[in-house]
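Whenever a hint applies, use it, and build me the whole structure from the sequences.
Protein chains: 4
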Amino acid sequence: MNRMKPLNPSYAAKIADSFRQQAVMSLLGAKLTRVEPGVVDITLPFRADLTQQHGYLHAGIVTTIADSACGYAAFSLMPADSEVLSVEFKINLLRPARGETFVARAEVIKPGRTLVVVRADVFAAAENGAEELIATMQGTMICLKK
Amino acid sequence: MNRMKPLNPSYAAKIADSFRQQAVMSLLGAKLTRVEPGVVDITLPFRADLTQQHGYLHAGIVTTIADSACGYAAFSLMPADSEVLSVEFKINLLRPARGETFVARAEVIKPGRTLVVVRADVFAAAENGAEELIATMQGTMICLKK
Amino acid sequence: MNRMKPLNPSYAAKIADSFRQQAVMSLLGAKLTRVEPGVVDITLPFRADLTQQHGYLHAGIVTTIADSACGYAAFSLMPADSEVLSVEFKINLLRPARGETFVARAEVIKPGRTLVVVRADVFAAAENGAEELIATMQGTMICLKK
Amino acid sequence: MNRMKPLNPSYAAKIADSFRQQAVMSLLGAKLTRVEPGVVDITLPFRADLTQQHGYLHAGIVTTIADSACGYAAFSLMPADSEVLSVEFKINLLRPARGETFVARAEVIKPGRTLVVVRADVFAAAENGAEELIATMQGTMICLKK
Numbered sequence: 105m106n107r108m109k110p111l112n113p114s115y116a117a118k119i120a121d122s123f124r125q126q127a128v129m130s131l132l133g134a135k136l137t138r139v140e141p142g143v144v145d146i147t148l149p150f151r152a153d154l155t156q157q158h159g160y161l162h163a164g165i166v167t168t169i170a171d172s173a174c175g176y177a178a179f180s181l182m183p184a185d186s187e188v189l190s191v192e193f194k195i196n197l198l199r200p201a202r203g204e205t206f207v208a209r210a211e212v213i214k215p216g217r218t219l220v221v222v223r224a225d226v227f228a229a230a231e232n233g234a235e236e237l238i239a240t241m242q243g244t245m246i247c248l249k250k
Numbered sequence: 105m106n107r108m109k110p111l112n113p114s115y116a117a118k119i120a121d122s123f124r125q126q127a128v129m130s131l132l133g134a135k136l137t138r139v140e141p142g143v144v145d146i147t148l149p150f151r152a153d154l155t156q157q158h159g160y161l162h163a164g165i166v167t168t169i170a171d172s173a174c175g176y177a178a179f180s181l182m183p184a185d186s187e188v189l190s191v192e193f194k195i196n197l198l199r200p201a202r203g204e205t206f207v208a209r210a211e212v213i214k215p216g217r218t219l220v221v222v223r224a225d226v227f228a229a230a231e232n233g234a235e236e237l238i239a240t241m242q243g244t245m246i247c248l249k250k
Numbered sequence: 105m106n107r108m109k110p111l112n113p114s115y116a117a118k119i120a121d122s123f124r125q126q127a128v129m130s131l132l133g134a135k136l137t138r139v140e141p142g143v144v145d146i147t148l149p150f151r152a153d154l155t156q157q158h159g160y161l162h163a164g165i166v167t168t169i170a171d172s173a174c175g176y177a178a179f180s181l182m183p184a185d186s187e188v189l190s191v192e193f194k195i196n197l198l199r200p201a202r203g204e205t206f207v208a209r210a211e212v213i214k215p216g217r218t219l220v221v222v223r224a225d226v227f228a229a230a231e232n233g234a235e236e237l238i239a240t241m242q243g244t245m246i247c248l249k250k
Numbered sequence: 105m106n107r108m109k110p111l112n113p114s115y116a117a118k119i120a121d122s123f124r125q126q127a128v129m130s131l132l133g134a135k136l137t138r139v140e141p142g143v144v145d146i147t148l149p150f151r152a153d154l155t156q157q158h159g160y161l162h163a164g165i166v167t168t169i170a171d172s173a174c175g176y177a178a179f180s181l182m183p184a185d186s187e188v189l190s191v192e193f194k195i196n197l198l199r200p201a202r203g204e205t206f207v208a209r210a211e212v213i214k215p216g217r218t219l220v221v222v223r224a225d226v227f228a229a230a231e232n233g234a235e236e237l238i239a240t241m242q243g244t245m246i247c248l249k250k
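Protein chains in written order, with our numbering: chain A, 105 to 250; chain B, 105 to 250; chain C, 105 to 250; chain D, 105 to 250.
Incorrect hints may have been included.
[To be verified] So the derived label-pair ranges between C-beta atoms look like this:
1) D/Gly-216 / C/Asp-153: 29 to 39 Å
2) B/Pro-200 / D/Lys-249: 31 to 41 Å
3) A/Arg-199 / D/Gly-159: 42 to 52 Å
4) B/Glu-235 / A/Ala-184: 31 to 41 Å
[Claimed, not checked] Pairs of lysine-lysine, DSSO-like flavour, derived with a Cα cap of 30 Å:
5) A/Lys-118 / A/Lys-214
6) B/Lys-109 / B/Lys-214
7) C/Lys-250 / A/Lys-109
8) B/Lys-249 / D/Lys-135
9) C/Lys-249 / A/Lys-250
10) C/Lys-249 / A/Lys-249
11) B/Lys-250 / D/Lys-250
12) D/Lys-249 / B/Lys-249
13) D/Lys-118 / B/Lys-109
14) A/Lys-214 / A/Lys-250
15) A/Lys-214 / D/Lys-214
16) B/Lys-250 / D/Lys-135
17) D/Lys-249 / B/Lys-109
18) A/Lys-135 / D/Lys-214
19) C/Lys-135 / A/Lys-109
20) B/Lys-249 / D/Lys-109
21) A/Lys-249 / C/Lys-250
22) A/Lys-118 / A/Lys-135
23) D/Lys-250 / D/Lys-214
24) C/Lys-214 / A/Lys-214
25) A/Lys-249 / C/Lys-135
26) A/Lys-135 / B/Lys-135
27) B/Lys-214 / D/Lys-250
28) A/Lys-109 / A/Lys-135
29) C/Lys-250 / A/Lys-214
30) D/Lys-118 / B/Lys-250
31) A/Lys-250 / C/Lys-109
32) C/Lys-118 / C/Lys-214
33) D/Lys-109 / B/Lys-250
34) C/Lys-250 / A/Lys-250
35) B/Lys-118 / B/Lys-249
36) B/Lys-249 / D/Lys-250
37) C/Lys-249 / C/Lys-118
38) D/Lys-214 / B/Lys-214
39) B/Lys-214 / D/Lys-109
By construction, these hints were calculated from the structure, which means they are not laboratory data. Even glycine gets a Cβ: it sits at the ideal position worked out from N, Cα and C.
So this is what it looks like as structure tokens:
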């Protein structure tokens, strides 16, 4: 699924640049931790000000990193003169989002000239390194010509 | 659809209390602006540090207020000794999330003892008061007994 | 939401024609029962050979009429030289699909040149005429130029 | 993900029995072709009376086999005295559903006492045996005690 060829040789720089412009990533403390053709990871350390009423990471914040990871996984396969936007996504929250660090791992399922279908798994890592799948997203991204 | 009877007469106080415990709502600057049986609004003023790469509100933040509104709309119909969690949701991003203020309006579609199906529309209001539908969510919430 | 203007004055004939070509509609016994700009109903009488293991209409058949209704609601707003395809949809099954007749009522939420976002509610009608909402779908259709 | 232990040692017989009671499977010509703990395949040969307006398998029929495969994958992990129902699912239609045979391969992502999250990929096989992923579903099933 992942041996996908980027149309834009500078895809990694373009994604890093776009990520820096996502002001909300900096507010949340999220980092871009992997960028390959069709595959992007975003990592978010736990912070008490990102939580819901039980002290776990809010489902919307889980979704925020999963959505950006999906968008950039799709973007990595788009031509140089394009923009990416989320059309829609669906996420299942599988377990309470508790942990020290959260990683959203997105992967393109089906590239396309206009629409790109992407999946992201979100893992929570405990202090001892144990990882647990806490959410899974399936979504659709669109390629817009600048 | 909305003439739903709350099982917990103090549902509004319980929701206000839970909302205060969602630390992320305070980080984002979101407010609970309507609480009725089966219907909840959450309002979020635009802030530059909540944006994606084009300067619009990030889809994940749109989703965060829609998810909390859905959760509390469902919670308003649950018994006193219960908790609410998001099982899953799907959101379509319909237009760029630009505006002065954003309102997520959630409404219960189908109450149930265990699962509650909810919809939320998210509107962006311009400075001149014009409102535009920018996103719509359909999701499932679960009632957990404490 | 529904005062939408069709770009193709013969949209109703084009939809009726396309519906006749959906061989599966005839296999299931489904009929096109309402065609307006942005709004389409498909009606399906109950039949024992359309059921799942408890004798209710199979969720996939509920989905089949909801998907076609969504596709044609979107198609009603598309230009003459276009085709419609389903990109994706999500459906919540709200109640057991029992009844004499099922109606999927689709409505365009957000028209667009390429993508059209649509919702469908599916109702079951009992012999005495009482209607119950049994499912609700939210989906995305794409306009392809011929 | 798949080394899941069935709670009901006769899960395979129970699924085969339930499948035979899904009258619509027989109408469509679908067969249960793999039953393992947490994993179920359903196979459907192409038939002209299952098509949409372009002569491809209708998205609703693709969905019907994916939904049943998901339901039975979840059911394989449920206790003996239970029933399974679809709560909701979302499907992306990735490519035109053309081929000689279609296989929906479902796999449990997250088992649970009440809710089970499942994924299904649907493949189309051409006469020469080449397989193509045409759709992917993510859904939620519920376990009901009899």
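Does D/Lys-249 pair with B/Lys-109 here, judged by a C-alpha cut-off of 30 Å?
27 Å, holds
Holds or violated: are the alpha carbons of C/Lys-118 and C/Lys-214 at most 30 Å from each other?
Within the cut-off at roughly 21 Å; holds.
Sort out whether A/Lys-109 lies within 30 Å of C/Lys-135, counting only the CA atoms.
Status violated; Cα separation ~45 Å.
Need the status of pair A/Lys-214, D/Lys-214: alpha-carbon distance at most 30 Å?
Given that 30 Å is the threshold and the Cα spacing comes to 23 Å, the pair holds.
A/Lys-135 and B/Lys-135: Cα distance at most 30 Å?
28 Å, holds
For A/Lys-249 and C/Lys-135, compute the direct alpha-carbon distance and say whether it is at most 30 Å.
At roughly 40 Å apart (the allowed maximum being 30 Å), C/Lys-135 and A/Lys-249 break the hint.
Keeping to a limit of 30 Å between CA atoms, is the pair of A/Lys-109 and A/Lys-135 held or broken?
24 Å, holds
30 Å limit on alpha-carbon distance, applied to hinted pair C/Lys-250 and A/Lys-214
Holds. C/Lys-250 to A/Lys-214 sits at ~23 Å (cutoff 30 Å).
For a C-alpha distance cap of 30 Å, please report whether D/Lys-118 and B/Lys-250 respect it.
Judged against 30 Å, a Cα distance of about 34 Å means the pair is violated.
Is it true that the C-beta distance of B/Glu-235 to A/Ala-184 lies inside 31 to 41 Å, as the hint says?
For A/Ala-184 against B/Glu-235, whose Cβ atoms are near 37 Å apart, the range 31 to 41 Å holds.
Does the structure keep A/Lys-135 and D/Lys-214 at a Cα separation of 30 Å or less?
27 Å, holds
Tell me if the straight-line CA distance from C/Lys-249 to A/Lys-249 falls inside 30 Å.
Status holds; Cα separation ~18 Å.
Comparing the model with each numbered hint stated earlier shows that hints 2, 8, 13, 16, 19, 25, 30, 39 do not hold.
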